[in-house]
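Engineer: Listed here are the chains, written in short residue letters.
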Amino acid sequence: MSTYEIALCCGVAVPLAMFCVLAFFGARIGKPASGWLAVGAVGICLALAAYVTFGWLGMSGPARAELAHNAYSFEWVTLTVHGINIPILFKVKLDSLTVMMYFMVTLVSTCIFVFSVGYMAGHSDEVGGQSKYHRFFAYLCLFEFSMLGLVISSSIFFLFVFWELVGLCSYLLIGFYFDKKFASNAAMKAFITNRVGDFGFLAGLMLVLFFLHTLDLDQAAAAFRDQYTHHSGLFGTTVSLFGWQISGITLATFMGVCLFCGAMGKSAQFPLHVWLPDAMAGPTPVSALIHAATMVAAGVYLVARIFRLLTPDAQMFIAVIGCITLTITAFIAIVQTDIKKVLAYSTLSQLGYMIFGMGVGAWIAALFHLITHAFFKAMLFLGSGQVIEGCHHEQDMRKMGGLRHKMPVTCWTFFIGVLAISGFGIPGAGIGIGGYFSKDEILAVAYERAYNWTERFSGQAEHASAGGDELPVRLASDVPDSRTPEENPIDHEVHRDKEEVREEIVESAGHHSPEKDRLAAHVPPIKKWLFWLPIIIAYVTPFYMMRAWWLTFMGKPRDEHVHHHAHESALMYIPLVVLAIGTIVFSYAMFRPNIAEAGVQATDAALVVAVDGVEHTPEMLSITHEPVERSPHHALFWIVGFAWVLGMGFAVLIYRNGFALAERLRRIWPLSWIYVALEQKLFFDHIYDTVLVGGTKWVLAQISRIFDTYIIDGIPKLRGRITVELANFSGRIVDAGGVDGLIDGFADTTQAAGAIMRQPQTGRIRNYILFGTAGAGLVLIGIIIVAYASMK
Amino acid sequence: MFHIGLNHYLVVSTLLFVMGIFVMVTKRNAIGILIGVEMVLNGASLNLIAFNRYVAGGLPHMDGQVGSLFIIVLAAAEAALAVAICMNFYKNLNTVDVDRGDELAG
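First to last, the protein sequences are chains A and B.
In our numbering, each residue's number is its place in the first sequence (first place is 1) plus 187.
In our numbering, each residue's number is its place in the second sequence (first place is 1) plus 17.
Don't take every hint at face value.
Not everything, but these chain A residues come out facing chain B in the computed CB check (under 8 Å) [what the hints assert, rightly or not]:
(1) I379
(2) S756
(3) L758
(4) R951
(5) R953
(6) T960
Label pairs and their computed distance ranges (CB to CB) [said to hold, decoys possible]:
(7) F933(A) to N105(B): 46 to 52 Å
(8) A976(A) to N105(B): 27 to 33 Å
(9) A963(A) to H20(B): 28 to 34 Å
(10) A942(A) to D116(B): 18 to 24 Å
(11) Y107(B) to A942(A): 19 to 25 Å
(12) F933(A) to L98(B): 54 to 60 Å
(13) E95(B) to N954(A): 19 to 25 Å
Residues of chain B placed beyond 12 Å of chain A at every Cβ, according to the derived structure [to be verified]:
(14) T43
(15) D80
(16) L86
(17) I88
(18) N105
Since the hints were derived computationally from the structure, they do not count as laboratory data.
Since the structure is predicted, the reported quantities are computational estimates derived from the model, not experimental observations.
C-beta: ideal position from N, C-alpha, C; glycine also.
Extracted from the complex, chain A is given alone in its bound form:
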């Protein structure tokens, strides 16, 4: 077990230990102390993460692969499926993605933990006289543990376990103010919506276990490829369902879609996106940590991890879902007046971009966007938390405005966040932050897939078919083959049989990595609208973000009372500054070397995709080095390069004097209808309430009614009937006839006897004397007779 693995494991264990401490002794530790203890715990995690990250960055590619290959694995339990033993291994997933995510999660959460101490200081946290303060930090620690565990899991099984744990933490923290009805409802909504997605995830996990006979991510990918190559296992199966013949490739697509369902729930993708805006009922640091930066990104992380199990059809499904999500949520964000709701919808939209990026194969770009988004969105949320806290729990932007003087640090860090999400940058100069690199990279890949794909790989595709290579189905999971065997020792064995084909193609394909291009040719181009919708939203994003910023901080104060009391505190704005710096550094320094050939690299990401153990070195990525014109900001120079100028400018134009102009605009006919539709969140909640909740309620009501009437009521009724019959029998026959008859008989006899006996009882004293004397006389006579008789 290498020191890196130990460090990562310790980083997971420390928050868990702190959770136990706070859960059991938190009430005794007290109000500020338990918060600072949690900050300490996450600080340790950050230190460990920094140690691993900087060590990892300093290592060469082969050294990393070596380390990952020799990772210690602990066999937790062994399952038997089809007579095959499948061990479930606990192993630290050691690759660049894990290290990067780990570092991002710990850094962001450290900032948010510090912020939380400041935030919770001003919040009432008592329910029924008991303080919940320590509980908040206990949950945060539990979340930290779950999230880091999720990141280091190498088995889909443990991924799922931690996946559910972060879901639980999300539930607990959304419902932190559970004494408020809307908060507990939102928590339930989030949890139940996630269950829908997780059901799919679980089904996908079963399919993986059933067909691939492993739950390890790398082994599953290898098995997937192997079965595809030999047309066996999953791909050799034909399932008959209600008379439909489902082929292996469809089943594989289904498996991918099932696994993606989990991501759909957690990353709040259409049609399961409804829970995320409601999740803003939780405390703002929670919104920042869980519902903006880390947990919701776990869905994207999951797609990145299972990418090699996705068929092109499944990828297309993911791209379409992402595209729909990013479009509708961005439009809804325009009309929101609650500052946190705007951010929630923008989070949804950005998550849509990431998922869309994954779907179109912009693997690196999507993850890059995940990292930059985590920083700037956490910062934006913390900024909104600062505003809400400063304005005494006022979340309505209609009552804000002009706050720049009262909270300057928040104002300008928030502005950096707005620039980052808008994709601020100067095309050609290489200056920009956040979305300028990451989002535009996704768009560049989409552009490639939509317009340049066919001609780019047409030669290879023809060659592939002419070369007699049988690829009955298009499969992006073959992508890792692009790496040469030396780069991927684990998968080396599996693909030896393709060696001949590869060699054949290498000769004619020049410096291109031939097999990669050949495989890419089997990935279809995307539809044009899948490229143009995200482009349109790239203009909408700066608009609604600028609108939020301008309405909050600029212009004149619209509510004197709120404005008068506004203030900001150092404990809360220092994390903002740290995150602002993080946004700039992460969008620049860490990924700057890749930016120049970003378009090409990102395009190839679909093909170079798996980073397991092998780092993308620039050299390796630039195998198919294209002319520099292909970089995103060359290809998309006029399409999206100045989106931020237009979007932000338009927002300032409309909202420079508050809501007045917007109010007038929304009365114009087509806009008024659109406004109502958007304000009602496109009626998703209504539809779900009516159709799903109402339908479920109706069906359940019918079932319960039948159950109630015939079973619940039926049993007592039957019992009642039996009792009545029994009572009749025992009453009429046993009681009335037997028991009463006996008693009555006694009574009647007694009465009859009495009637006879009372005849002499005349009440006349003379009679009594007569009877007594007569009796005595008779006795005397008797005695005399006896005496005489005995004398004889």
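Assemble chain B onto chain A, guided by the hints.
Structural biologist: Just chain B, lined up with the frame of chain A:
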């Protein structure tokens, strides 16, 4: 000479007793019944004395006499009691006709 023995006493006491019973049975007046009771008692105490004289052997034995003395005392007490009952009887029913006092009839 006509010697008076035990049998004479016994005859007298029997007559007394029987007459007392007869009076008690026939009389409807409560006082009459009381008188009958007295006669029965006297008959009985005469018997006791006669048996003490002729059967136990006379003096110094005095059991019979003591017994009859007790009867006399008891009879006196009983007469007082009976008269009181008569008074109440009269008070309740405005008569001393015992046949009217048949409330205890079953």
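Engineer: The structure should be examined with respect to each hint, and the outcome stated for every one.
Structural biologist: Verification of the supplied hints:
1. Interface restraint check: I379(A) against chain B, minimum CB-CB distance 86 Å, threshold 8 Å, status violated.
2. Annotation: S756(A) was flagged as interfacial toward chain B, and the flag is violated, the nearest CB pair being 105 Å apart, outside 8 Å.
3. For L758(A), the suggested interface contact is broken, since its CB lies about 105 Å from the closest CB of chain B, more than 8 Å.
4. Because the beta carbon of R951(A) sits about 5 Å from the nearest beta carbon in chain B, less than 8 Å, this interface hint is met.
5. Because the closest C-beta pair between R953(A) and chain B is about 5 Å apart, less than 8 Å, the hint holds.
6. Annotation: interface hint on T960(A) holds; nearest CB of chain B at approximately 5 Å, less than 8 Å.
7. Separation of F933(A) from N105(B) is about 39 Å and departs from the stated range, judged on CB atoms against 46 to 52 Å.
8. The supplied range of 27 to 33 Å is broken by A976(A) and N105(B), whose beta-carbon atoms lie about 48 Å from each other.
9. Checked against the hint of 28 to 34 Å, the C-beta distance between A963(A) and H20(B) comes to roughly 31 Å, which is consistent with it.
10. Checked against the hint of 18 to 24 Å, the C-beta distance between A942(A) and D116(B) comes to roughly 23 Å, which is consistent with it.
11. Restraint check, Y107(B) to A942(A): a C-beta distance of roughly 33 Å breaks the suggested window 19 to 25 Å.
12. The hinted window of 54 to 60 Å between F933(A) and L98(B) is violated, with their beta carbons roughly 40 Å apart.
13. Here the CB-CB span from E95(B) to N954(A) is close to 21 Å, well matched to the stated 19 to 25 Å.
14. Chain A draws T43(B) into its interface by the beta-carbon criterion, the shortest separation being 7 Å against a cut-off of 12 Å.
15. No Cβ of chain A comes within 12 Å of the Cβ of D80(B); the nearest lies about 23 Å off, and the non-interface call holds.
16. Here L86(B) stays apart from chain A, with its beta-carbon at least about 25 Å from theirs, past the 12 Å limit.
17. No beta-carbon of chain A comes within 12 Å of the beta-carbon of I88(B); the shortest separation is about 18 Å.
18. At roughly 15 Å, the least C-beta separation between N105(B) and chain A is larger than 12 Å, which holds for a residue marked as non-interface.
Hint violations for this structure: numbers 1, 2, 3, 7, 8, 11, 12, 14, all remaining hints satisfied.
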